[in-house]
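Novice: Sequence:
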Amino acid sequence: MIKQAVNAALHAENIFVPCEVSVLLTDDEGIHALNREFRDTDRATDVLSFPANEFTAGGFNLESAERNPKTGRVVLGDMALSLEHAVAQGKEFGHGTKREIQYLTVHSVLHLLGYDHLDEGEDKRRMRSREKEIMARIEGVREE
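Mapping of the sequence shown onto my numbering: position 70 corresponds to residue 75, and the numbering continues sequentially without gaps.
Just so you know, these hints were derived from the structure itself, not from any lab.
Below 25 angstroms or equal to it, Euclidean Cα-Cα: the simulated PhoX-like pairs (lysine-lysine) are:
#1 K129 <-> K103
#2 K8 <-> K75
#3 K137 <-> K103
#4 K137 <-> K96
#5 K8 <-> K137
#6 K96 <-> K8
#7 K8 <-> K103
Note that the structure is a prediction, hence the values are computed from the model and not measured.
Whole structure, please, built from the sequences with the hints as guidance.
Specialist: Take a look at the structure:
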């Protein structure tokens with residue numbers, strides 16, 4: 006399910022080269038600790054993204070991107086996802102845990118690819134639009 010969401014996000018962004026994303030599945034306590042250590046934020050969140058490259062949303066120069074010397078794959082970065090948050094949000098939004106994990110994965114991959122939503126303007130609208138499109142692709146495809 007996570008791999009499918011990562012691949013859907015990459016393909017939606019026209020990235021078809023082998024890539025690596027490290028995924029940590031944790032609980033609220035674990036993600037809270039990561040927030041304190043890396044973001045100076047004293048609370049749990051649903052997902053954190055740690056990009057390995059500085060991409061501009063929609064404009065990726067994969068030729069200059071960091072690569073794993075053993076595999077040759079483009080290293081996109083790391084994500085940490087709170088399963089505790091995903092379960093709660095899946096219930097809150099009425100679409101279940103699986104869809105919430107897929108959404109949070111897509112959200113994180115977009116951050117790894119340079120998208121952001123800190124402002125309430127065009128960047129946020131653009132990211133939300135990409136999320137909706139990618140989720141529609143995922144929901145239209147049955148998992149094997």
